[in-house]
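Student: Chain by chain, the residues:
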Amino acid sequence: MLTTATHLDDRGQAMTDGTAADPPPELDGPDGAALARELMRRMQRVRLFEEATIALFHAGELPAMVHLSIGQEAAVVGACLATRTSDYMTGNHRSHGHPIAKGARLDALMAELLGKATGVCGGKGGSMHLADFSVGSLGESGIVGSAIPVATGAGLAAQVRGTGQVALCFFGDGAASEGVLHESMNMAGLWDLPVVYFCENNGFAVSVTTEESLSVPDVAMRAAGYGMPGVTVDGQDVLAVYCATREAVERARRGEGPSLVEAKTYRFHEHAYGLVLPRPYRDQAVVDSWFDTVDPITLFHDRLLAERVLTAGELQALRDEVGAEVEAAVEFARRSPYPPPEAAWTDVYAPGHDPQEVSA
Amino acid sequence: MLTTATHLDDRGQAMTDGTAADPPPELDGPDGAALARELMRRMQRVRLFEEATIALFHAGELPAMVHLSIGQEAAVVGACLATRTSDYMTGNHRSHGHPIAKGARLDALMAELLGKATGVCGGKGGSMHLADFSVGSLGESGIVGSAIPVATGAGLAAQVRGTGQVALCFFGDGAASEGVLHESMNMAGLWDLPVVYFCENNGFAVSVTTEESLSVPDVAMRAAGYGMPGVTVDGQDVLAVYCATREAVERARRGEGPSLVEAKTYRFHEHAYGLVLPRPYRDQAVVDSWFDTVDPITLFHDRLLAERVLTAGELQALRDEVGAEVEAAVEFARRSPYPPPEAAWTDVYAPGHDPQEVSA
Amino acid sequence: MSAPAARRKPARAQQLGFLQAINRAQHEEMTRDGSVVLMGQDLRANVFGAAAGALEAFGPSRVRDLPLAEAGSIGVAAGAAMAGLRPIVDLTVASFVFGAMDQFVSQLAKARYMFGGQATLPVVVRAALYYQGGTAGHHADRPYPMFMNVPGLKIIVPSTAPDLLGLLKSAIRDDNPVLCFEDANLWGRKGRGPAMPEDVEHLVPLGSAAVRRPGSDVTIVGIGLGSWLAQQAAEELAADGVDAEVIDPRTLVPMDWPTILASVRRTGRCVVVDPANRTCSAASEIAARVVEDCFDALRGPVVRVTTDDTHVPFSPALEKQIYPTQAKVVAAVRRALA
Amino acid sequence: MSAPAARRKPARAQQLGFLQAINRAQHEEMTRDGSVVLMGQDLRANVFGAAAGALEAFGPSRVRDLPLAEAGSIGVAAGAAMAGLRPIVDLTVASFVFGAMDQFVSQLAKARYMFGGQATLPVVVRAALYYQGGTAGHHADRPYPMFMNVPGLKIIVPSTAPDLLGLLKSAIRDDNPVLCFEDANLWGRKGRGPAMPEDVEHLVPLGSAAVRRPGSDVTIVGIGLGSWLAQQAAEELAADGVDAEVIDPRTLVPMDWPTILASVRRTGRCVVVDPANRTCSAASEIAARVVEDCFDALRGPVVRVTTDDTHVPFSPALEKQIYPTQAKVVAAVRRALA
Ligand SMILES: Cc1ncc(C[n+]2csc(CCOP(=O)(O)OP(=O)(O)O)c2C)c(N)n1
Ligand SMILES: Cc1ncc(C[n+]2csc(CCOP(=O)(O)OP(=O)(O)O)c2C)c(N)n1
Ligand SMILES: [Mg+2]
Ligand SMILES: [Mg+2]
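Chains as they are written, first to last, in full-length UniProt numbering: chain A, 1 to 360; chain B, 1 to 360; chain C, 1 to 338; chain D, 1 to 338.
Think of the hints as simulated: they come from the structure by calculation, not from any bench.
For clarity, every value in this text was computed on a predicted model and none was experimentally measured.
Where a beta carbon is used, it is the ideal one built from N, C-alpha and C, also for glycine.
Careful: at least some of the hints might be erroneous.
Stated by the list, open to error - Some chain C residues near chain A, calculated using beta-carbon distances under 10 Å:
1. Arg44
2. Ser61
3. Phe96
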């Protein structure tokens, strides 16, 4: 039994009725439609990008495993779209969704996954370590929890420099047990840093459930211990995530300090795609049912139709656009050259550094 | 202005009235008197032991600085006496009080401070790193926060081995910001470990106030984030500390898990005795007044008289006994030999290890 | 549980894999000594494959899944050891040691000394050297040299499954903290080591090197996968009439200096193959010790074959070239002989 | 603030202490560049003595007291650097680096590389080597060799106040993370260095060694306090007719190999004095590099004078003997010459 499964049942059912309703203010009018379109576009980007990586995996074209955000698109996109491109963001090993949602170009991300020279990190980072500084993405971390203070520091820089920027810090329920989260949240609370700590609580750290790793039911319950607001939202509802994060971002931008937003969500695939765990730790039938019951894209799709925000045709066109974008990204990545061998030794230091050292 | 100063004013004043009253149940009858005597004896041991170190410091006999618990005796003793000798305890750089309160012999502790072979650690640990495994004292840590998981692990061992022991974990308000506290409290909460986290909140980490280091007013407010009870007590009231800790210890011993006890207390001397800070960070006149207003020994002394638990003569005799004990300890330490030079290289590994390495 | 049954097969016929060796060492020692406990992330789901059957055999009290809290985990193991347990901590990937460094140094390594011998810390920490597999910079460290600079820790880097079995069992019985770094490139090498010993008392003592190939012209010291590269290079060189002695130290602390130094005194030449980053590597230590203690016997430079001082790049086009290879070892031997 | 006024005195007459050098480097660079910020525990109270006047001059936004959270602090500095600041973090005592090791390795050292050059991390971390003062095992580490094993970090170990001034200023201007390890035994050595330069552009480039004493018979490389011990030993040996060259590398990464190796090629002998623990020390690296690259010129063993592989004992009866001393350096030189 999954504790995280229950909180969505109401919504899920409510959705399936699917009769017409009025949109909430956020989705109302032309601005609302534009927002809806962008939320959907970015969720589709994450989904289709990752489905393409699955295909690449099965084709044997991926040099390494990938940790997919499929099922978590609403959390990732709702949070990122609540920030500006100039705002900062850091993430973790489940890494594709964050930069995509933050607005990074798909072609350079896909090329990175294949270890190509045109990759967003020149092929040196790979799937777990995407970064696109041009859209405020300061990097994902393969070391769980390790980038949490980095986002906190970006918030500090924004504060000291008075730029009005905010830093969005993604971490998982597993990472919530790491000491650096405590150290970072304490500093952020102390100094009123413009940071939004965003927990993608998908119920698992690999095979370990939140019940087995967390001494409290909700990560958000820890916010009070740092003097900051903490809220738990339905992570399958992109608008709910967007609204909760927007509130936290606005608060941060007003100089009122950090917040903790926890999105309860679902990881639809295995911890890393294709990873086989010797011992089952969750009911595959339940997991399979999630595609029907709590798919954030389907839920939003149905809602937009029901609330007449976008038409089926518009939604299909949008999906097709993204599909083409992803296909082009895959083509770009495939056609791109590998980095030259000597790239292995550059970027260890900033230009101008002379290591005076030749390898044997 | 010190926020920690206010919470005692009522008690302080209440005490100075000094008219007769009935003792609380804990101090009632022969058992109560015995408890009172032991609480007082250990507080006096800490106080007189440390006053002796001050004298040694001025005489130039101390090889290094000492971090005194003077002013914090009620917190340290109230907590330790709520445990059994067979229970475990770890502490920090403010280190003399903990093993003394836990029941360690003064002579071996004092010899350790002088770096003598008869020291409790053979002269290798020194003031900040006292340990007396014979009374459950698993060691103090010069690295702030570093021993917190050690106490947690001792609690784990007690649980796995089913011994019924409890681990008492001392840390300061400064250490409360360290990540290992979070990691440890989460594990303890998760596994219902028999650990009592005990924060000696003396308002300062060297010169940094709790307002400058903590994002919440009370450390105890963080307990809820780990699913454990948290309580803040008057750290100058040895009985209040004793009762609060006893409750936490009993809970732990019953297998119901960890607790956090925070004692608001006062550091009467400089961070390390004799340390001169270039820039003042607290009002010396206020600090000086503490000896009159919030001295835990005076407060308890007056209370015991007022409540007729012990007589002035008994209290004086007890103090004299401890004075003699401390004097003997100093004599013992002075007369003891230094360790032989080769001791510098032993105890790096357990016996039987052959490093096959001779130093140049 | 099927693993124990499998173990009953006759020794000669069976070849041991790395993960089986770990599983067997842990299982045997946990059976022998009730104070041995196993802790790690995803242990019960047996994600890394070395804990099969442990939960069923020893129960949830002695087999514990850890939350993601590396510092806390090592510190908890230290405290549990001081209070009578003998924890084995599976840190999974060696790149995760950094978060726990203070606990390694300030508690595990120092507690016994600083408390004048009162503390005993029988803790084994296992971690895989997970390089060469496209995991990029955050999973591919080989950090044992850092720990060699810290007195109080023992360090093993087994390169065959039977050695891993025997060293790990010795480590679990040792009263000191022992770090076990397992070269993940050898996980698949089932069958390349000698046949599995059937003795549950199969112990390889800590601090004893293995001479993998006797020789007279040059001493090649190879660590982890490096010992295999050294052996392959030695075969290649043999065709050219160069007779290389290959030594696998197996334990880095305490290092078996007598074996290494005696060999170099005989051969007069030394090459060290170490998958760690070059600067301040185990290879550097061995080279320094050799020139310090065997100078008169030395007839050529001591040459190190290490990973370059760069980070591990993700791209398959970049990664392999930074590590030691058979060709680099051969070239180094030629330099040492020149 | 009185410090800046004092600085106006003529250069020749003034001798600089270590703490003044730090203060001056920080003050000048914070004045020059508004993106430089100062963070540390007890900075405002100026407990360690190097931050006098900073709060008054630059305000609380740029001068921040840190809570006790070493990992968080280094990570925050890394993030702040990626977002446009140039943080100086005063970690005070080098033994406190261990708690932050993951942030040093996984973020500070690796971020630029792993993100393909997108990140720039101009962070300076200062920490004192606080040994030899009776502080015992938890405050007396000399951990720079660990960091030498991590590519991406630069490391300086200044041994004179003017060098500290010039190196620290270079470090603050450098676009890479630089770790500055200050040998606290030299804090009191005001006046032993050359006169204070008056130039606010007094920069000592990272990666350039200083020849403290030219000589022809043996090269003594001395790190931190070791460079002073080497000079004293050299004077003692001069009376015996041994002419030692003393080199202070000043920067450990990047190491000035050309200067060191050229010297050994001339003298044919080498001794390294390094206050770090022996195994995998900077001395080991230098010895390894010397035997690898200068073998033909080498006429005797490379001898290391280091701290023994033990922890730092508290007792004054025990502590001093584990460290390098002048007598040990002299003995080592005699061995190198034998
Ligand atoms: C410091 C560290 N410890 C362990 C790991 C191995 N690991 C990678 S992801 C993961 C689980 C993380 O769980 P969570 O934070 O909930 O993120 P999710 O994978 O669920 O998105 C673990 C244990 C790691 N990469 N880094
Ligand atoms: C990891 C670490 N960081 C910094 C220090 C330096 N230091 C020693 S004690 C101390 C203050 C500790 O404050 P608190 O925990 O409140 O204990 P108190 O001294 O007030 O009893 C500091 C900063 C240290 N010893 N260890
Ligand atoms: Mg998760
Ligand atoms: Mg305090």
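Student: Look at each hint and say if it fits the structure.
Tutor: Hints, verified against the model:
1. Taking 10 Å as the C-beta contact cut-off toward chain A, the hint placing Arg44 (chain C) at the interface holds, the least distance being around 7 Å.
2. Here the hint on Ser61 (chain C) is broken, as its CB sits about 14 Å from the closest CB of chain A, past 10 Å.
3. With 10 Å as the threshold, the beta carbon of Phe96 (chain C) comes within range of chain A, its nearest partner Cβ sitting at about 7 Å, so the hint holds.
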